[in-house]
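Asker: Since chain R is already given, all that's left is putting chain D on it; use the hints.
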Amino acid sequence: MIEIKNLVKTFKDGPVETRVLKGIDFLVRDGEFVAIIGRSGAGKSTLLYQMSLLDEPTDGDVLIEGHSTRVMTQDEEIRFRLEKFGYVFQDYALLPELTALENVALPLLMQGADRVIAEARATEALERVGLGNRLGNLPGQLSGGEQQRVSISRAIAHTPSVLFADEPTANLDKESSAVVMNIFKELHEGGQTIIMVTHEDEFARFAGRIIKIDDGRIVSDARV
Amino acid sequence: MFSFTTIRVGFYLAVRQVRRANLWATGLIVFVMLLTFLNLVVVTGLLVGIVAGISNQFRTQETGDVIISTLDTKEYIENSPDILSFLYTLHEPQVISARYRAAGTIEANYLARTDPNEKPNKTGTTVVGIDPIVENRFSHLASYVHEGQYLSPSDYDTVLLGPQLVDRYSFGEQPGLTPLKNVYPGSKIRLTVNGHVREVVVKGILDVSANSPLAARVFMPAPEVRQLMGRTDYAVSEVAILLPPGADAPAFRDFLKRSGLAAGAKIRTFQDAIPNGVAEVQNTFAMIGNAIGSIGLVVAAITIFIVIFINAITRRKFIGILKGIGISGEAIEISYIFQSLFYAAIGSVIGLVVLYGFLVPYISAHPIVLPISDAIIVAPVGGTMLRIGLLVLTTVVAGYLPSRMIVRKNTLDSILGRD
Numbered sequence: 001m002i003e004i005k006n007l008v009k010t011f012k013d014g015p016v017e018t019r020v021l022k023g024i025d026f027l028v029r030d031g032e033f034v035a036i037i038g039r040s041g042a043g044k045s046t047l048l049y050q051m052s053l054l055d056e057p058t059d060g061d062v063l064i065e066g067h068s069t070r071v072m073t074q075d076e077e078i079r080f081r082l083e084k085f086g087y088v089f090q091d092y093a094l095l096p097e098l099t100a101l102e103n104v105a106l107p108l109l110m111q112g113a114d115r116v117i118a119e120a121r122a123t124e125a126l127e128r129v130g131l132g133n134r135l136g137n138l139p140g141q142l143s144g145g146e147q148q149r150v151s152i153s154r155a156i157a158h159t160p161s162v163l164f165a166d167e168p169t170a171n172l173d174k175e176s177s178a179v180v181m182n183i184f185k186e187l188h189e190g191g192q193t194i195i196m197v198t199h200e201d202e203f204a205r206f207a208g209r210i211i212k213i214d215d216g217r218i219v220s221d222a223r224v
Numbered sequence: 001m002f003s004f005t006t007i008r009v010g011f012y013l014a015v016r017q018v019r020r021a022n023l024w025a026t027g028l029i030v031f032v033m034l035l036t037f038l039n040l041v042v043v044t045g046l047l048v049g050i051v052a053g054i055s056n057q058f059r060t061q062e063t064g065d066v067i068i069s070t071l072d073t074k075e076y077i078e079n080s081p082d083i084l085s086f087l088y089t090l091h092e093p094q095v096i097s098a099r100y101r102a103a104g105t106i107e108a109n110y111l112a113r114t115d116p117n118e119k120p121n122k123t124g125t126t127v128v129g130i131d132p133i134v135e136n137r138f139s140h141l142a143s144y145v146h147e148g149q150y151l152s153p154s155d156y157d158t159v160l161l162g163p164q165l166v167d168r169y170s171f172g173e174q175p176g177l178t179p180l181k182n183v184y185p186g187s188k189i190r191l192t193v194n195g196h197v198r199e200v201v202v203k204g205i206l207d208v209s210a211n212s213p214l215a216a217r218v219f220m221p222a223p224e225v226r227q228l229m230g231r232t233d234y235a236v237s238e239v240a241i242l243l244p245p246g247a248d249a250p251a252f253r254d255f256l257k258r259s260g261l262a263a264g265a266k267i268r269t270f271q272d273a274i275p276n277g278v279a280e281v282q283n284t285f286a287m288i289g290n291a292i293g294s295i296g297l298v299v300a301a302i303t304i305f306i307v308i309f310i311n312a313i314t315r316r317k318f319i320g321i322l323k324g325i326g327i328s329g330e331a332i333e334i335s336y337i338f339q340s341l342f343y344a345a346i347g348s349v350i351g352l353v354v355l356y357g358f359l360v361p362y363i364s365a366h367p368i369v370l371p372i373s374d375a376i377i378v379a380p381v382g383g384t385m386l387r388i389g390l391l392v393l394t395t396v397v398a399g400y401l402p403s404r405m406i407v408r409k410n411t412l413d414s415i416l417g418r419d
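Chains as they are written, first to last, in this note's numbering: chain R, 1 to 224; chain D, 1 to 419.
The reader is advised that the hints may include incorrect statements.
To be verified - 27 angstroms max Cα-Cα, derived DSS-like pairs, lysine-lysine:
1. D:Lys317 x R:Lys84
2. D:Lys409 x R:Lys84
3. D:Lys317 x R:Lys12
4. R:Lys12 x D:Lys409
No lab work stands behind these hints, which were simulated from the structure alone.
No experiment lies behind these values; they were computed from the predicted model shown.
With the rest of the complex left out, here is chain R (with noise of 0.2 angstroms):
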């Protein structure tokens, strides 16, 4: 379980100072699908990275399982996001050294997995998105739609409690988008918690709960 708690951002670039998001306030209980949808500069892949401790906001609080976020150190986090969170990024976000296989499994080998076996909970990652024929290929050998499934699968691998997508199908076309989205109605239907950052409708709708943010606030927070 997420809980916001009037979530502020401002963004300082000298004298000037942008506030982003103006007091946000949800609660995501776990095995939600939630998407957050705005136009471009509402506001929402800043609240992402709040909840996904990838930035720390200027006030407010982020709960995660009734635990305040605020106090925790950079190293504390990175411990956090490795053992609870799971990231797919618009633009896929893959190490271009590390082949597919090996991109999965380099999270699981951080939590001190045995190689083996982090690279058997890899494989089976992969091939649960239609991959099991490209581990050994590097990113740059892959198109973008199999990039982006690398990463849900390595988002994945590690059964993280949240899974945290910023605009996943952005970079990809229709078809590819349609095969990420089932991605996450699979998980979702598997119970994977998933918050989700999108500005496209149809996409939006294979959540469970749509959140609209405008201008750094919440301007609907509806269940489909």
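Answerer: Just chain D, lined up with the frame of chain R:
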């Protein structure tokens, strides 16, 4: 902190980054490390080797491994025949060269001098009486004859001259040394020893470096020098002993002392007999070499720093992603340390192969001929290992610092490429 897991993940990342890096870039970095290694070891080794060349000349051309010489209060070694007889019974010596040594003068162009007020072309020298065959086995003296011929035991009234005594070969006038002009093989010169004057023929002229002990000497067969010195008791001035390679010279010296030979002579190893100044010059050259090597080390550190910094800064986004997915900063830093270690290790290993597989044996067999000496490369394994350690340590620090700088940056800023 650096746990087993962070080291393992760091190594995992480093291996893949190196393996899939641009081959030319990797080759260039390794080449820089190789040059740095050679700069560290070879420059110092060569500078020390120049002096070692001088020392080596003393050993191979004069003292051998152990030298028996006159006491400071004597002009000859007492009981020389007994000492030599004893030495000839021993199995350790490879060659034993007994020599007579006397101060003398040589004069050239005396027949052409018409004006009695004209300064004679004359110089002081050391005249060495040798057994030409034994001496050639000892110091390969015949191989240094540049003009004319080597001595034979039956020669009479013939001499070999060191190059410093001959005007066209000398390295300029030195105090007490006036090189002879117009002297060639076949020229007659006037030799004076112990008040005895003899006209002799120059049979050969040597070609050795300025610091060679042979450079300013006159050689002639021993019986003639003995005659000139007026000696009738066969007491020689010095006995140089060459031992087999690897023999323990100090142990042999001590054995001779215990055998009672020290009562009438000085018994010293080559190291004992080497002039003090040479050791000081050797230390000075080693210090200069270390100073030059240190500059090389700094250059290597800067090179690695720049390489790793550029690598880290261009990969800042990926470093951010690694942190974003939960890879610790330490693991990322360790991956760069491993990369630096790889470059240093490969450069050093290739350097070791080049050094000990080629440079040292080749230069030992074909010394670099310099005016001061025939230089070799002195690269003791211990010193080389110390320098490799320094290089690796410097490289690790130079690799760690830039990676630390980039890893410490805000994770999200790194991912999004924000400053």
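Asker: Next step is simple, just say for each hint if it's right about the structure.
Answerer: Each hint, compared with the structure:
{"no.": "1", "hint": "D:Lys317 x R:Lys84", "result": "holds (22 angstroms)"}
{"no.": "2", "hint": "D:Lys409 x R:Lys84", "result": "holds (23 angstroms)"}
{"no.": "3", "hint": "D:Lys317 x R:Lys12", "result": "holds (22 angstroms)"}
{"no.": "4", "hint": "R:Lys12 x D:Lys409", "result": "holds (17 angstroms)"}
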